[in-house]
Amino acid sequence: MSNSTENTAALGAAEQETEEESLVLKFRKPYKFEGQEYTEVDLSGMEDMTAGDLCAVAKLANRELGVTPIPEMTLPYAMYMAARASHKPVEFFKGLPPVEAMKLKNLVTGFLYGGDGEE
Numbered sequence: 004m005s006n007s008t009e010n011t012a013a014l015g016a017a018e019q020e021t022e023e024e025s026l027v028l029k030f031r032k033p034y035k036f037e038g039q040e041y042t043e044v045d046l047s048g049m050e051d052m053t054a055g056d057l058c059a060v061a062k063l064a065n066r067e068l069g070v071t072p073i074p075e076m077t078l079p080y081a082m083y084m085a086a087r088a089s090h091k092p093v094e095f096f097k098g099l100p101p102v103e104a105m106k107l108k109n110l111v112t113g114f115l116y117g118g119d120g121e122e
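Numbering (my numbering) for the sequence shown: 4 to 122.
The set of hints was computed from the structure by calculation and includes no laboratory data. Possibly wrong hints are sitting among the right ones.
As the list claims (entries may be wrong) - Using 30 Å as the maximum straight-line C-alpha spacing, the simulated DSSO-like pairs for lysine-lysine come out as follows:
hint, residue 1, residue 2
1, 35, 91
2, 35, 62
3, 62, 106
4, 62, 29
5, 62, 97
6, 32, 91
7, 29, 91
8, 62, 91
9, 35, 97
10, 32, 106
11, 106, 91
12, 106, 29
13, 32, 97
Claimed, not checked - Label-pair ranges, simulated between beta-carbon atoms:
hint, residue 1, residue 2, range
14, 38, 116, 33 to 41 Å
15, 51, 29, 35 to 43 Å
16, 116, 40, 29 to 37 Å
17, 69, 39, 16 to 24 Å
18, 90, 33, 16 to 24 Å
19, 55, 32, 18 to 26 Å
Since the model is a prediction, treat every value here as computed from it, not as a measurement. Note that beta-carbon positions come from the ideal geometry of N, C-alpha and C, so glycine has one too.
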């Protein structure tokens, strides 16, 4: 393999790793849920979700909020989306401290609108 091909392959792998890392919500301090401590939660499962998943999440969020013009911009939508992507119960996300909850909302909406989810 030529140096150019190796460099391109290495760069592609690094970009993929960075993209996956950007879907990991890292907590400022450990978060306890059901007796277990968490320092982060992996939301890379959002990559595998479908439009059907988005509709199901919107339906769940609407039950909590009522009808809203842009449900994907709400915290409940982000919590249900994260629960589905991470296979954790929504209660995990409902118990987050406010700052972490807003980081979650920003990460999910950033992902949905094509950003990296970072602040």
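**OP:** Kindly indicate which numbered hints from before are broken by the structure, ordering the numbers from low to high.
**Re:** When the structure is compared with the hints, numbers 15, 17 and 19 turn out to be violated.
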